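Asks: The residues making up each chain are set out below.
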Amino acid sequence: MSTTINPTASAAQQPIRSIPTTRRHESTPARTVGRIGVYVLLIVFAAFLLVPFFWMISSSLKENLEVFSIPVRWIPQAFHWQNYVDIWTQANMGTWLTNTVILSVVVTFLQVLTGSFAAYGFARVRFPGRDILFLAYVATIAVPWQAYMIPQFILMTKIQLTGKWLWPMVVLQAFGAFGVFLMKQYFETIPEELSESARLDGLSEYGIWWRIMVPLSGPALASLALLTFVRTWNDYMGPLIYLRDQAYYTLQIGLKTFQADPKASSLDALLFTGSVLSVLPVAIIFVLGQRFFIEGIATSGMKG
Amino acid sequence: MTTHTDRSAQRHRTNALRRRNTALGWSFIAPNFVGFALLTMVPIILLFYMAFTDWNALGTPSWVGIDNFERLARNSDFRAAMAQTFYYAIPHIILTGVLALGLAILLNQKLRGVAFFRAAAFFPYITSIVAIAIVWNLLFSPNYGPINQLLNFFGVADPPGWTTSSDWAMPAVIIVGTWREMGYYMILFLAGLQTIPRELYEAAKVDGASGWQRFLHITWPGLRPTTFFVTVILAIESFKVFDLIQVMTDGGPGTSTYTIAYFIFQKTLGPYSTGEFGYASAASLILFFICLAMTVLQFVVNQQTELASKPKWWPLPLVAGLICFAIAIVAFSTRMSFGLGWFGWTIAFVICFGLMLTMTKMWARRIIK
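These protein sequence lines are chains F and X, in that order.
Residue numbers for the first sequence follow the working numbering, so the first one is 1 and each next one is one higher.
Residue numbers for the second sequence follow the working numbering, so the first one is 1 and each next one is one higher.
Careful: at least some of the hints might be erroneous.
[Unchecked claim] Dumping the calculated SDA-like pairs for lysine to any residue here, alpha-carbon to alpha-carbon at most 20 Å: (1) F:K158 to X:V34; (2) F:K158 to X:Y49; (3) F:K164 to F:D86.
Simulated from the structure, these hints should not be mistaken for laboratory data.
For clarity, every value in this text was computed on a predicted model and none was experimentally measured.
Bound conformation, chain X alone (with noise of 0.2 Å):
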């Protein structure tokens, strides 16, 4: 009986303690999270409503289903968008990366003055953008500016127009954004270097390892979790590329650098908002999947070649349904829609993913047996 009652007590306690924790833990979390709750985590998930309505300023809402969608599909300022949008991600991300990790490895040596380097390749990044703006659009000034002048006496007859030509201003907003943001991916690379252990180096050494064979068998091993996490962050990063360009070039000249985020902008908050919300929406919704695919994409990677610990065996699967994904993207943008139709590329595209990550990941098993 009485061991009875003593349980009945214990479990009374634990219930009364638990329940004490958790007021005790919402009141820790409640003041940051009431204003997290309505201004992040509510507009997250009314975005996957809105994109689905035809959600505008005034009136009341309706759903329209994927009306939204199929209008951006037809949309040729959203193609062009599209296309704009990986024509700056993809060469920012590996220029970026690359510059980012070559200048970790360098001043991750014993040299004098190191520490300058290090602040000299951070301060971009906490400079003010518009600031960044100001300077770097006149030095690009294409008859009077610096860089051009540089060029002219290089001997460079015919000096690119840079931001006032529409050929030229996406690679000017490429360079600016890699001269701002690579020191930020420089001290996260700087941070993995330093999780590796120096004695391996050393072994390396007395081996008789080459420069080249320390850095390809020992550190680019060492670094892969902080190279899948800068690839993710540097990923989204350069598909949400807005305020560069709005202050660089405003999208232009004519569309040359218009992105989908500012396609966003246009159609909602800007100067020439036509006030669709829930069209737009869908555009967001877009941006959001694609930083989304681009999220599992690189985690895909980095467990496969974890599990595989063999790099030179690359899944022929992934490198299959990359070519899907970036034919997809082209057709898409180029209108070259192969009878398919935009519902018809949506459901090759589901089915391409799909099929990359199953087979992927039976790929890394038979590797692993």
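Extracted from the complex, chain F is given alone in its bound form (with noise of 0.2 Å):
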């Protein structure tokens, strides 16, 4: 269980690059054929990749009869963006998205901060039994959250989180192994002799977690950052245990419950306007700090 390392992580801490396999100035009438099919073939998955999104945004601008038009109508007839203000009335979108941006900021900020101080002592200081503290944190990766949701279901009974405010989601994701695992991998790579010096100008360990490592590991923290962020965003089997309360419905709790509701079974479009709010904090994040999340995926290999 513990060998769920990944074994990439030190390469992975470089941008992915380009081997080149085909050299340029070499193109035979075989090679443009071969290069066309790659193309053709890249094209198909790129298509089967993004179609359902496309669909998304065009069944979004529509009225709602126009969703199942036959035949498939994939541009609007009339661009139908009133969609986009009858759904905030339509649905508890402002709450919805309040609790989720507030949830997403808190965990990710926890995550973070507790994730960040924690790998210093694994990475940094020696003591007895740290080695196998740090086995039982990779060890809970390989256990399926699905197993034990229940008795953790119980111990936050227990302990009388359940229905009050958030509280149960922070705690939940604030504390994973994950930020402490990314952030250890990350702090191992930066020389010891900086810390080494600064401890000799008499900088405490906390010190050189605040002035030294935090510092100099910004691309790791922006991919935790990130990561933590997009996963509270879209988490939807925490928030359906634990948030039961309407108040505190997160966007995807709300989304899901809005595609169930009678009422709305009509308003086909608007499910997907809704849909397409939730997507596109999300995209906007990926497209900004897209090398971030394929480097903190690459180095950890980890799932929240």
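Fit chain to chain and form the complex, with the hints in mind.
Replies: So, in structure tokens, the structure goes:
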């Protein structure tokens, strides 16, 4: 169980680059045909991957009855921007969005803080029992969450956190092994000499963490923050179990109940509008910080 | 005399340093550890106890031994859930793994727009599962959905009912699961491909090796650690499948997409909960052991190929063990007990697994010599 440490971790510290397997000056006809074949394959793949998103956006701008037209209409007859106004009154979009933003920000903050703090302890302080403790952290990755969600729920009820604001979700998501693991991997690449000389200059260990390690770990912190934010934003199972009060619904739970609501069954287009709004922030973050997502995943290779 | 006091003073100093370091280390780890221990470690340990009790919503739990497991073995819903979990996991592991590797190899070349294709492949993985379910459910819609209209256009007279038909609901979920996750594993494979030295490919090209030969003799062996890692994670992720099913089909139609994780949820936290926490914990423990068995199995295969260094010597005992495992699963999920009963099957399974491990080890040793 302890072996699920990504073997490629060290290599993935650098951004993924391309290996040129063909040389540019050799352009035989066979090679050109091969090249075109590769592109055709890739375009088919990209279509398979992106058409659902295209359909989502186009349907979010349709009239309700237009969503299921025969034949399929890929581009709406008239752009129905009104959907993006109606969604705020037809559904509790405001509440859901506020809850999701608060939850994601708080969880990200706590995860980055406690994760990098603990990672320093694991990476740079030698004490008996450290490696066993880290093994315990890593081993839990191989245990599916679905297997221990029941004891966890019971514990959460016993410590009386359920039903209180967004607290159950905050404590559930903020203390994961993920941040510790990712940051430890990164801290170990920072030369020991730097902290050694700081120590000689009289900086405490906490000072070294704050003044030296944290400023030098920009990319890893960015990866951790972005991955945590997106994971909390998208989380569905946690809120489904723990946030039963409508006032604390997140976007995902809200959207799901909106879909199941018989009143909304005639509002197909609005359902897509809601979906677009739930995906949009993630899409923006992804476009801006794509490098950090990919590096973070290649380094840690873990899912939440 | 002086040396003696020196030494004891030194020992005193190292002890003090160790104490200081322990306090220091724990002070760093503690803030994260409190949450982690309480909400991850304790629940995992508690699970092993709960599975053997009749823990429910009210009343004090009492020890019931393997009663819960016997009840599970008799429960036709749970048998169906077992079968369907494998029905989802095996095609999903193969499809996702192969497509992710293929994509990674394609996108590891110098091509125009490679960054765009990588981003496109990865994007589904970070989008909300609820939005994905909404979009795909309507895409799959039997009468008006674009997918069936497309199939009609290509001359399929009677296109499947997808999520509304009990035969096609699971394939629909598998398609969406693969669509969503392959980009993630592609990133892992890409990172693995980067670790293979470029010189190897150039040398092979000089020697006139074909593309397929280069894949077989350079890429595949070089990727072994990554492949191992990917298959472990992919297997765990596939066997615990739950949220995708919950949002897409809600276990239905009928019980056609009912999986083990879904069963656990239904019995305890779902809207039709019976509050049988102990009973559901037994199912959780089975899920845990399936994931553990998958990890151990892949670990053995990985070590085996590493030791053998000649991949053509596939270990026979491993294949035999896998067949036993498959028979056990099929027998369990289809009520064909062959007169062995639940307990007998468990023992048979444990023996098979143990035999498989020891024989694989022996086999590996023989190959080395």
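Asks: Would you mind marking each hint as holding or not holding in the structure?
Replies: We went through each hint and held it up to the structure:
no.	hint	in the structure
1	F:K158 to X:V34	holds, 16 Å
2	F:K158 to X:Y49	holds, 17 Å
3	F:K164 to F:D86	violated, 31 Å
Of the numbered hints listed earlier, the single one contradicted by the structure is hint 3.
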